[in-house]
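Sequence lines, in order, name chains A and B. According to the numbering used here, the first sequence is numbered sequentially starting from 1. According to the numbering used here, the second sequence is numbered sequentially starting from 1.
These aren't lab readings, by the way, just hints derived from the structure by calculation. Heads up, a few of these hints could be off.
The calculated DSS-like cross-link candidates involving lysine-lysine, where the alpha carbons are at most 30 Å apart (straight line), are [unchecked claim]:
hint : chain 1 : residue 1 : chain 2 : residue 2
1    : A       : Lys16     : A       : Lys196
2    : A       : Lys236    : B       : Lys36
3    : B       : Lys158    : A       : Lys222
4    : A       : Lys374    : A       : Lys384
5    : B       : Lys36     : A       : Lys374
6    : B       : Lys158    : A       : Lys98
7    : B       : Lys43     : A       : Lys225
8    : B       : Lys43     : A       : Lys388
9    : A       : Lys65     : B       : Lys43
10   : B       : Lys43     : A       : Lys236
11   : B       : Lys215    : A       : Lys384
12   : B       : Lys165    : A       : Lys98
13   : A       : Lys380    : B       : Lys165
14   : B       : Lys215    : A       : Lys327
15   : B       : Lys36     : A       : Lys384
16   : A       : Lys388    : B       : Lys50
17   : B       : Lys36     : A       : Lys251
18   : A       : Lys251    : A       : Lys31
19   : B       : Lys36     : A       : Lys222
20   : A       : Lys225    : B       : Lys165
21   : B       : Lys165    : A       : Lys222
22   : A       : Lys225    : A       : Lys28
23   : B       : Lys36     : A       : Lys388
24   : A       : Lys328    : B       : Lys43
25   : A       : Lys327    : B       : Lys22
26   : B       : Lys22     : A       : Lys225
27   : B       : Lys50     : A       : Lys31
28   : A       : Lys236    : B       : Lys50
29   : B       : Lys36     : A       : Lys380
30   : A       : Lys378    : B       : Lys36
31   : A       : Lys222    : B       : Lys215
32   : B       : Lys43     : A       : Lys222
33   : A       : Lys222    : B       : Lys25
34   : A       : Lys225    : B       : Lys50
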Amino acid sequence: MRKLIIIKYGELTTKKGNINLFINTLSKNIKAYLNEYSYEEKHDAGRMFIIPEDNDYDEILDILKHVFGLHEINLGYETKTKDLDSLGNEILELLKDKDFATFKVQTKRSDKTYPINSMDISRKMGGIILKNIPNLKVDVNNPEIIVNIEIRKDFSYFYFDVIDGLGGYPVGVAGKGLLMLSGGIDSPVAGYMAIKRGVKLEAVYFESPPHTSDQAKDKVLKLAKKLALYNNTYLKVHVINFTPIQEAILKNIPHEYLITIMRRMMYRISKRIALMENCKILVNGESIGQVASQTLNSMSVINHVVDIPVIRPVACLDKLEIIDIAKKIDTYETSILPFIDCCTIFVPDHPVINPELSKCEEYETLIPYEDMIKDAIKNKEVIKVELKEQNNHSDLL
Amino acid sequence: MIYLDYAATTPVNDEVMASYIKVTKEYIGNTHSIHKLGVESKKLYDDATKQIADLFNVMENEIIYTSGATEANNMAIIGTCIANHKRGNHIIVSMLEHPSVYKMCDYLETLGFKVSYVKNLDNGMIDMNDLKSLITDETILVSICAVNSEVGVRQSLKSIRQVIKKENMNTLLHSDMTQAIGKYTINIHDVDLATMSSHKIYGPKGIGLLYRNSKVNVAPIIHGSTKYNEIRPGTVPLPLVVAFSKALRIALTDVEKRESFVKKLNERIINHFSKDETILVNNTVYSIPYIINISLSNVKSETMVHALEQHDIYVSTSTACSSSELSASVMAIYKDKKRAMSTLRISLSYLTSSEDVTNFLKVFDEEYEKLKAIN
Chain A
1 MRKLIIIKYG ELTTKKGNIN LFINTLSKNI KAYLNEYSYE EKHDAGRMFI
51 IPEDNDYDEI LDILKHVFGL HEINLGYETK TKDLDSLGNE ILELLKDKDF
101 ATFKVQTKRS DKTYPINSMD ISRKMGGIIL KNIPNLKVDV NNPEIIVNIE
151 IRKDFSYFYF DVIDGLGGYP VGVAGKGLLM LSGGIDSPVA GYMAIKRGVK
201 LEAVYFESPP HTSDQAKDKV LKLAKKLALY NNTYLKVHVI NFTPIQEAIL
251 KNIPHEYLIT IMRRMMYRIS KRIALMENCK ILVNGESIGQ VASQTLNSMS
301 VINHVVDIPV IRPVACLDKL EIIDIAKKID TYETSILPFI DCCTIFVPDH
351 PVINPELSKC EEYETLIPYE DMIKDAIKNK EVIKVELKEQ NNHSDLL
Chain B
1 MIYLDYAATT PVNDEVMASY IKVTKEYIGN THSIHKLGVE SKKLYDDATK
51 QIADLFNVME NEIIYTSGAT EANNMAIIGT CIANHKRGNH IIVSMLEHPS
101 VYKMCDYLET LGFKVSYVKN LDNGMIDMND LKSLITDETI LVSICAVNSE
151 VGVRQSLKSI RQVIKKENMN TLLHSDMTQA IGKYTINIHD VDLATMSSHK
201 IYGPKGIGLL YRNSKVNVAP IIHGSTKYNE IRPGTVPLPL VVAFSKALRI
251 ALTDVEKRES FVKKLNERII NHFSKDETIL VNNTVYSIPY IINISLSNVK
301 SETMVHALEQ HDIYVSTSTA CSSSELSASV MAIYKDKKRA MSTLRISLSY
351 LTSSEDVTNF LKVFDEEYEK LKAIN
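Can you build the whole structure from these sequences, using the hints too?
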């Protein structure tokens, strides 16, 4: 009998044609997350098994809770025997130390040549347990312990506790996307939701020194680190110095159109980075009606400058729903730190709610934005934010 | 020099000192400044604090830096009473605390709080039955040191916690862990509040900390706070914080190896003293090996300290903070005034060598004989 971690894929198993791509990606992703651990990986019809070489099951379980594409993660026991009596003995051995009064047995038999069917296995095993541990009752509706047994071709295994995985798709199976990451509450949540559907993210962040500070940038990098936890252990952040463009807009464009034009410039830059980095989509945290630049009219006019899909995962969520997710993924506390960012400096008193495309296009002729965008992209800083970040101060500490 | 007063204070570790100097020279920014220098200092501060939080498996916001253990104890005892006065007006302390704790209790009494002193058994352990009987609905806080500074008795904080929480779920447990850190493995989650000091673990003097479980309310005892430091205002002493963090990291490595080494030294010294009928060993079975406490007959312990000092050997009478008075801890355990009047504390370190012990015992015997002859 040996202890092992049993992984169930959930939604993946419905993707018949692509199942191997999904499982290979998942396997590669798990490798990235567990790169500090030694373990053996095994596959068998719809299940993946991880057998750590050292006794670090708990740590590994903790890490796997942050990996998308896992439906269930169970700590179980594998045994070569398929004989019910010896299997029963092994199960009894482990149940002995558990404190419970009611239980049920649930069996799956992927080895259809096995002579007893699942129902009968459960019934027989229930009998063995009842006979050997006094004062127990079977409760099929609300048991304190569920003994899960799976009979496979070459082995069988069993487990008691079920840990829910994150669900979603393995990061990367959907391709890459570029997240427009600000320091706010919405964009990290949007990023998380895109990652959940298998989109491997990179991010773009616009800074405007000296109008914005290093503190604001650090805050964004902190958020990036929180996302790295889900994004296969790292997030590449493209930092754009937006100052020249932003100042030119401020100087030349009627103030009610400041935000609209600014957003259009950001979209243009983002699209170009996306193409350079082989990202198929832009992802951002826009939510319908939340601010002037997020009315349907604004979105339409702003979106007009790009011809790749812009995914807005939180577009239809209420602010409170977004905050709930932000708290769940631990970005909320960082997001509410009070540092001014690019979108909050130079906010006009009365931004236009229904901008007109023709006006935008007319105003934009007032600034040489093509050259400025090229410069901004040429001078961008790329920061790879890693989950296991090297502590820069390790010499001092 | 043979230094055997490590329970009073410790020399600063060289690596810790190097960090202190480097940070002083290179990180001049105020952690609250918004410019780059400030941001760099703040990052270092955050990393140092995270390291401490990780060492004890707590959250960063549960670490509050203070000027040292005395301030941390003030914050834990007075600050908790003030913040929670609506829940009750009663606290309990042991009779084995640092003398400063009793001054805090006196002050609390002037504010209308009631203080009970829990008894200990003959072996120095807290009398759990007495503790149980003292806890009422009004009890806000129990404060019991993890290791007594004079006799080195180590309490079982886990059992103490169980007793307290069974009687009153809301009663908080504070422990002064000054003498315990680095001496054995501590589970900080046994307590709600814990005091630590840098200079007892080979860090610089002038900094300590209070661990405060985030669910516990503590009122500031120094006023002037901002949003950055709600409980303890003042500019962050970054070099001290970094040095303390490093000292803690080093102190918490090889704890067991060091303990077993010191245990051997301890056994040699105690065996030696046990052979002399005029010397009473005050350690109990629950004393940690780092602290040895004896009572001398017919020789004033203060004289003995000075006699050894002539040979460049340093020990102390009871605690450094109450020299020349009677040892409250020895009194609390043995209820013998004479015994408590003549105590000598020898405190060891992993830095103490076997040779140091040999030389100390030799000089001690010579001087003790000489002084006994005079009296």
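> Are the Cα atoms of A:Lys222 and B:Lys215 separated by 30 Å or less?
Replying inline: holds, 25 Å
> Hey, B:Lys215 versus A:Lys384, does the alpha-carbon distance stay inside 30 Å?
Replying inline: This hinted pair is violated, its Cα atoms lying about 36 Å apart.
> Does the structure keep A:Lys378 and B:Lys36 at a Cα separation of 30 Å or less?
Replying inline: holds, 24 Å
>> A:Lys374 and A:Lys384 were given as a pair; does the straight-line alpha-carbon distance stay at or below 30 Å?
In response: With Cα atoms ~22 Å apart, A:Lys374 and A:Lys384 stay inside 30 Å; holds.
>> Would the hint linking B:Lys215 and A:Lys327 be met if the CA-CA limit is 30 Å?
In response: Roughly 18 Å separates the two Cα atoms, so the pair holds.
> Taking 30 Å as the top limit, are the C-alpha atoms of A:Lys222 and B:Lys25 close enough?
Replying inline: holds, 27 Å
> Does A:Lys380 pair with B:Lys165 here, judged by a C-alpha cut-off of 30 Å?
Replying inline: Violated: A:Lys380 and B:Lys165 sit about 57 Å apart, past 30 Å.
>> Does A:Lys225 sit within 30 Å of B:Lys22, going by the straight-line distance between their CA atoms?
In response: holds, 28 Å
>> For a C-alpha distance cap of 30 Å, please report whether B:Lys43 and A:Lys225 respect it.
In response: The given pair, whose Cα atoms are some 15 Å apart, holds under the 30 Å limit.
> Hey, A:Lys16 versus A:Lys196, does the alpha-carbon distance stay inside 30 Å?
Replying inline: holds, 20 Å
> Does the alpha-carbon distance linking A:Lys225 and B:Lys165 stay inside the 30 Å limit?
Replying inline: Cα-Cα ~39 Å, so violated.
>> Run the distance test for A:Lys236 versus B:Lys50: straight-line Cα separation, threshold 30 Å.
In response: Within the cut-off at roughly 24 Å; holds.
The structure does not agree with the numbered hints 3, 11, 13, 18, 20, 21 and 25 stated previously, though it agrees with the rest.
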